[in-house]
Every structure is written in C-alpha cells, then in structure tokens.
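Protein sequences, first through last, are from chains P and V. The opening residue of the first sequence carries number 1 in the numbering used here; numbering runs sequentially from there. The opening residue of the second sequence carries number 1001 in the numbering used here; numbering runs sequentially from there.
Don't read these hints as lab results, they were simulated from the structure. All values reported here derive from a predicted model rather than from experimental measurement. Wrong hints could be hidden among the right ones.
Covered stretches of chain V (chain P as the covering partner; in silico rule of three or more C-beta atoms under 8 Å from a C-beta of chain P) [to be verified]:
| id | segment |
| --- | --- |
| 1 | 1010-1017 |
| 2 | 1020-1029 |
Far from chain P by the CB rule (all over 12 Å, computed), these chain V residues [unchecked claim]:
| id | residue |
| --- | --- |
| 3 | 1001 |
| 4 | 1086 |
| 5 | 1227 |
| 6 | 1231 |
| 7 | 1245 |
| 8 | 1248 |
| 9 | 1249 |
| 10 | 1252 |
Quick reminder that beta carbons are idealized off the backbone N, C-alpha and C, glycines included.
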Amino acid sequence: MDELLLRRAQNGDPDAFGQLMEPLEQLVWRVCWHYTGNREAAEDCGQEAMIRVWRNLADYRGECALESWVYRIAANCCMDWLRKKKRDKSVSMEPMREQGFDPADTSPGTEEQAVAKDERQRLREAIAQLPDDQREALILTQLEKIPYEEVARSLGISEGTVKSRVNRAKARLKEILSEERELSPPGNVKKDERRPRS
Amino acid sequence: MKDEELNVILEQMAEEVPPMPADFHARWMNAVRAEAKDNAPAAEDTTQRKAVSLVRLTRILSVAAAFVFLVGGTLLWRSTKQSLSAAVPAEKQEAEAMTAAEEPAVAAAGMEAAEEESAALYTAVQAPVAEEAAEAEAAEEDLSLLMKAAGTAVNSFAAASGQAAGAVMAEEAEEEASEADYAMEAVFDAEPAAPEPTAAPTAVPTAAPTAAPTEAPEPENAGFLQAAGAFFTDMGDFLLAALPYLLVLAVPAAAALVIRRKKARK
C-alpha cells in the first residue's frame, strides 16, 4: 500500500482514493455477495461500503491491514442491510430466491449440479440466520479465505475466539441444513422448476 | 451433515461468485467525488479554523513563556546578586582594614632602618677622618715642642724649616681634613634617601569600599521610574548572563525549524 496515496486520500483527494480502493473493490463485492446472496443487494451494500470507507478513511491508523479494515466496513454494511430486511419483513428467503441467487453457472448442468446448487442456496439462507458474530467469522475465514490471525486483528478479538465462532457457526449450519433435509430432502428441484435467472 | 460435506459446500460457495457489475467502479467513484465536492468548503473551513486557533494558542503560550522567563529570571538574578554583594563588602573591608593598619608600622620600620644605615655609614666615614685629624694635631704639637727645645738660632732656620715642615704637615693635615670633609660630603650624598613615607592610606581605612557597582537603589525609596529603570537594567544583566545558554538552545531549535520548512516545501 502506497503511504503517500493513503495520506492524500485521507486528506480528501478523491482521485487518490480511487487509486487506493480500486484493487479492493473486488474484495468488497465478494463480501457483499457472500453476505446477501443477492446481486442487487450486494451492489447496494458495496456502494454503501465504499462511501463509508471514504468518509471514515481519516480514522484509519494502520492498526490492521487496509484490506481487513475495508472488509469490516463492508461486513457492517451488509449486516445493517440484513437487519433492516428482518425488521421490514419476517425472515423469508422467497423474495431473495425470486430475485435469483446464483446466476454464475449458466450451463444447464446435470441433476447433481442442480442439487449442489440447491445445497448452496440453502447454505446461504442458513448463513443468513446465524448470529452476526458467527456469520462474520465464517464468511471472512471460510469464504474469503482470510487468515484467522488477520480476522482476529481486524475484529479486535483473539484468534481463539475467531476459531470458536467459526466452529459454532459450522455446528449451527449443520443443524439447520439437517433440519431442512429432513423437511425437504435435496434433489427435489426439477429442471423445469429452476428459478429464473436475472 | 458431516464436516467434510459442509466444507465442500463452503468451498463451492467461495468459488461461486458472480462477476462484479461493469458500472460498480464508476458508481462509487461518482458518489465519492460528489461527496468530496460538497464537503470541501466545510472541511476547509474547519481545518482553517482549527489551524487559526492553534496558531493563536501557540502565540499566546509563547508570549506567556517568554514573559515568565524574563521576569522570573530577572527577579532570581536580582536576589542572587544582592545576596552575593552583601557577602563581598564585608570581606573587602576586613582586608583593607588590615592593610591600612599594617602599612604605617612598615613605613616606620623602614625609616628606622634607613636611619641606622646612614648613621653607620657616617660613622664609618668619619672615623678614619677623625683619626687623621687627631694624628695631624698630634704631629703639630710635637713639632712645636721640638722647635722650642732647639733654640732660637737654630730656631729661625729650624723654625723656618720646622714651620715649613709644620706648614707642610699642616697643609697635609688640612688636605687630609679637607679630603675627609669631601669624603663626608660624599657619604652624605650617597646615603640612600630615607624611605619617604609611602603614600600609605590614611590611618583610617578607605571610605566606603566600592562594592557592587551600580547597586540598584532600594526600590522602596526610589520612585516608580527609578525602580523600573533598575529592573530593566537588571533584566539586561540577566539576559547577558543567560546569553550563552540561550545560544545553546537556539541552535538546535533553528535547525529543527529549517528542517521542518524544507519538509513542508517538499
């Protein structure tokens, strides 16, 4: 990270900020996607996260890596969005499903792939039901592949606490998915019932 | 569900991320620029106001520190000087009193010694002269006796010769006497001048030792202007005394200022 660029961005230079954040916008997008599972929501949260980074950049003192600090802001934006969604309506993933979760794989695929896709969707929904601290730890370590040490430093907690939260999150996810499997086993999705892609 | 199964799903989720929207970058950059434009005057005002107040505060503190340094330093300087000057006059008076008491005695002793020497010289010169004079008289007496004993006939010749001899001897005696006189005069002339009483100080010790010069008049008795003048005089003395220390502090401060300005220019 260029110190001079950071200093200029902290002093209010938008062009310097653009140069500084360009390598990190992909990371912001990924985090917002993993949190929301929704393209539009991820875009909104991503924009909000970048604006918040710009407003609070003067407070960054270098205690942790800039990437970790930006991750934190993006995660907070997404959690605010999730809380707002929960407040507005009861937790229902139907609207999110209708908007489409994963247009990444556009190939028709086999039934196994469809089942796997369905599993992933369920997992995303389960992740959305986790407590905030467990969700955050799980996404940053398991989905974004950030080292435990770095996550601990950015969250201001110990590495052991991060691992503990991740383990509890996984345990909770297994419970949720096991319950859902009992209620509606996988493989029930038929080809003609695939969700429309946005 | 097993851990391995969950981990597999999580791995798949990690890889399955849709591409970032094409206008994602442009949207947030526009938002940032708009916000920067809106906040620029307010931020500048705040920054300028903060800078102005900081500069003002720094100036006030600098003036206060300089005032404390000058006034406090001057007062300390004055008290130190007064205590020192009170100690010095007492010592000086003692020393001068001792000197004044000793010098007359020394002068008198010198005069006595000189007189003794001159007397000894006089005696030493006069003794042989006196002896010669006495011998000359004795010789004349002897001659006159001889002349009487020899008779008149012979007296005339003998007297003449005796007289001549006596005259010669008298002359010789007179010459010797005159030489003795000359010698005496020479001795008197050669006598060292008696040591004049040195310009010794008077028996009374010198008056009022010149103690600490320019002692400030008692502010109690002087008027306000005099007191102020004395204070500023002491302040000047204090600054002169403190000048070396100030220079020692000023050099690194000036260097730091130069370096700071160079950095600011860069």
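Going down the list of hints, with the structure as the test:
Taking a C-beta to C-beta cut-off of 8 Å, the segment 1010-1017 of chain V contributes 6 residues in contact with chain P, enough for the three needed, and the coverage statement holds. Coverage of the segment 1020-1029 of chain V by chain P holds in this model, with 7 residues showing a Cβ closer than 8 Å to a Cβ of that chain against a need of three. With a minimum CB-CB distance of about 5 Å to chain P, residue 1001 of chain V fails to clear the 12 Å threshold, and the non-interface call is violated. Residue placement check: residue 1086 of chain V keeps its beta carbon more than 12 Å from all beta carbons of chain P (closest about 60 Å).
Remark: the non-interface label on residue 1227 of chain V is consistent with the geometry, its nearest Cβ contact in chain P lying 55 Å away (cut-off 12 Å). The non-interface label for residue 1231 of chain V is consistent with chain P: the shortest C-beta to C-beta separation is roughly 50 Å, beyond 12 Å. Once the 12 Å rule is applied to beta carbons, residue 1245 of chain V is consistent with being away from chain P; the minimum gap is 39 Å. Non-interface status of residue 1248 of chain V relative to chain P is upheld: no Cβ of that chain comes within 12 Å, the nearest being about 36 Å off.
Residue 1249 of chain V, annotated as away from the interface, keeps every beta carbon of chain P farther than 12 Å; the closest lies near 32 Å. No beta-carbon of chain P comes within 12 Å of the beta-carbon of residue 1252 of chain V; the shortest separation is about 28 Å.
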